[in-house]
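A.B. asks: Whole structure, please, built from the sequences with the hints as guidance.
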Amino acid sequence: MEEKKLTVITGTVGQDSHTIGVSLLSRFLKENGFNVVELRGLTPPEDFINAAKETDAVAILISSLYGMGEMDLAGFKDKCIEAGLGDVLLYVGGYLKIGRHDWKEDEERFKKLGFDRVYPPGVELEGVLKDLRSDLGEKQIP
Amino acid sequence: MKHVKFLVDLGSTFTKVVVVDVESERILGRAQAYSTVDTNVMTGLLKAMQDAKREVGLVKVDREDVVACSSAAGGLKMVCIGLVPELSLKAGELAALGAGAKLLQCCSYKLNHRELSGIASISPDVILLVGGTDGGNSDVVLHNATMLASSDMSTVIVIACNKVVQEEVEFILGSSGKQVRLAKNVMPEIGKLEAESSRNVIRDVFVKNIVKAKGMEKVMEVVKEVVMPTPTAVLNAAKLLSEGINGDSGLGEMMVVDVGGATTDVHSVAAGHPVEGAVMKNLLPEPYVKRTVEGDLGVRHNFDTLLKLGEAKGVLDKQDMEEVKSLINPKKLPENEEEALLDMKLARIAAEVAVERHVGSLEEWYGPSGRIMVQKGKDMRGVASVIGTGGAIVFALKPKMVLRGVLFDTKIPHLLKPESPQFYIDSKYILYAIGLLANFAPRKALRIGKRYLEV
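These protein sequences, in sequence, are chains D and L.
Position 109 of the first sequence, counted from 1, bears residue number 109 in our numbering, the numbering being contiguous throughout.
Position 160 of the second sequence, counted from 1, bears residue number 160 in our numbering, the numbering being contiguous throughout.
Just so you know, these hints were derived from the structure itself, not from any lab.
Glycine residues also receive a C-beta, built at the ideal position from the N, C-alpha and C atoms.
Be careful, since some hints might not be right.
Claimed, not checked - Cut-off 35 Å, straight-line C-alpha distance, at most; resulting in silico cross-link-like pairs (DSBU-like, lysine-lysine):
id, chain 1, residue 1, chain 2, residue 2
1, D, 5, L, 313
2, D, 111, L, 281
3, D, 4, L, 192
4, L, 163, L, 102
5, L, 192, D, 5
What the hints assert, rightly or not - Quick list of the computed label-pair ranges, beta carbon to beta carbon:
id, chain 1, residue 1, chain 2, residue 2, range
6, L, 409, D, 109, 43 to 49 Å
7, D, 70, L, 295, 40 to 46 Å
8, D, 78, L, 139, 37 to 43 Å
9, D, 127, L, 179, 52 to 58 Å
Claimed, not checked - Sample of chain D residues with no beta-carbon within 12 Å of chain L, all distances over it, derived:
id, residue
10, 16
11, 40
12, 42
13, 86
C.D. replies: As structure tokens, then:
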């Protein structure tokens, strides 16, 4: 039997259509053995959840570069729990809030929203991959 | 007389026969006889055949020259079981409708016992079991297979789920004595629709099973074969007439509106890609050949719905509401001008609403980067042709008045209805026959269709 690849979902959420970053991330994850379902730009939060249900995804990686991420993703973790996806890893990255502010604020805020990892813009892809592998390992997902 | 073919539509409200001379590309005659579900299919068939033979002056017709499509015994009754309503279940629905099915129930996620007994009480002809992308979710479809295995239904089950567990699902169902057929996963990955394989398998099951239905052995003495469900024949005709065939041009991107007594069907053969810089955002792509069925928009069976819609749209008034009572009888044809006028209004509402549900829509989104136009479904504004068929259009006082209901409406500009199509009326009621003929003589079928559709 062929080795089962783990599936992850990627895309930019809400009305954000800045997809270059998330495309690079998707390609990088594919090259490193993941099955990546790319929902690309302008993706409603519910679409991430539906795609994850149908594909048995282990993680959802969301990019938001237009400053409205907090609004788009309010209640996202709760929706995942409701949809039976409580164990799915949630990562978010990008310009999560408009204006000059301390990055730590963003991280705190989104961790409170239920995201497992929060990244600033321009994050190194290797770092994300390392986190993903280690988080999956902790959850004992092969 | 090998070039004279009798093309039959069995078991619709009227059983119809169209006689074509394939060689000269002409229609020699047509006949129809009332056929109800409760009376024998045979009565209508014999009467219609008799009348058709008389009209073309033939005494005897070889069984070899009679081909039929059928919606006898309520059509191809189907139930679809899938996972997420907007994804695999939707893909399954599209496949079933494209196969010409009458979709009676759709169930998402894990079946419960109540749903299971509901399905059993419908006793569908085919169950389409889907769920999970390839390599994706498997526990839901395995659960559903186990549930189906525990029931005593003898329905054929078409398995078009996550390929990783297809064989396991087949084993679960097969070892409990179910008849199963395999098809490719209807949604192998997110954003990919693979309906054709399921469609073909469903149609094959239909063709094999229809001859075993009650009363059909007599029919098969008259008819050589029943090759497809009636809606598939109409869909086939639409595809052929739209695309044409090498050297014989088609009528371009197309929509067919079929207003009937029990349902209103809309078929489209069009890509429907966005124009004017809109972005398309569908988790599941829209099929190029798409059929939708509105079970609440039949002009004889759904007065209540049509009246409500008509009132809301300001097309019907109090007087119409009173008059409509005289039409409440599925067999009834309009007897005077008032009734005919009212009948036409009802058909127009049905056509209008059915098309509004079929076509895509545009939504305006406002973000920090300004306005974005997002399209869901197919943009049908540019279709070249619209064909009207079904009794309520063909026999309407003014068929084109009914068809105008399908046109783009500036009051609801977000609904992407056809803007300036050429109207064709299937006045000789030949569309199903074109679809049947397309099976063995497509070029002839195309030419006959183009000749006899009324502009």
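A.B. asks: Can the restraint linking residue 5(D) and residue 313(L) be considered satisfied, given a maximum Cα separation of 35 Å?
C.D. replies: violated (53 Å)
A.B. asks: Is the Cβ of residue 16(D) more than 12 Å away from each Cβ in chain L?
C.D. replies: Given that some Cβ of chain L is not farther than 12 Å from that of residue 16(D), nearest at about 7 Å, it is violated.
A.B. asks: Is it the case that residue 40(D) keeps its Cβ farther than 12 Å from each residue Cβ in chain L?
C.D. replies: violated (9 Å)
A.B. asks: Find the nearest Cβ of chain L to the Cβ of residue 42(D) and say whether that gap is larger than 12 Å.
C.D. replies: Residue 42(D) not clear of chain L: closest Cβ-Cβ about 5 Å, inside 12 Å.
A.B. asks: Does 43 to 49 Å hold as the CB distance between residue 409(L) and residue 109(D), or does it fail?
C.D. replies: Holds, since residue 409(L) and residue 109(D) (Cβ atoms, about 45 Å apart) stay within the stated range.
A.B. asks: With respect to the beta-carbon atoms only, verify the hint that residue 70(D) and residue 295(L) lie 40 to 46 Å apart.
C.D. replies: holds (43 Å)
A.B. asks: Quick one, are residue 192(L) and residue 5(D) close enough, alpha carbons at most 35 Å?
C.D. replies: holds (19 Å)
A.B. asks: A range of 52 to 58 Å was offered for this pair. Does it hold for the Cβ distance of residue 127(D) and residue 179(L)?
C.D. replies: At roughly 54 Å between Cβ atoms, residue 179(L) and residue 127(D) fall inside 52 to 58 Å, so the hint holds.
A.B. asks: Does 37 to 43 Å hold as the CB distance between residue 78(D) and residue 139(L), or does it fail?
C.D. replies: Since the Cβ atoms of residue 78(D) and residue 139(L) sit about 23 Å apart, the hinted range of 37 to 43 Å is violated.
A.B. asks: For a C-alpha distance cap of 35 Å, please report whether residue 111(D) and residue 281(L) respect it.
C.D. replies: Given pair residue 111(D), residue 281(L) holds - Cα atoms ~29 Å apart, limit 35 Å.
A.B. asks: Has the given pair, residue 4(D) with residue 192(L), been kept, meaning a C-alpha gap of at most 35 Å?
C.D. replies: holds (20 Å)
A.B. asks: For the pair we were handed, residue 163(L) and residue 102(L), check the Cα-Cα distance against 35 Å.
C.D. replies: holds (26 Å)
When the structure is compared with the earlier hints, violations turn up for hints 1, 8, 10, 11, 12 and for no others.
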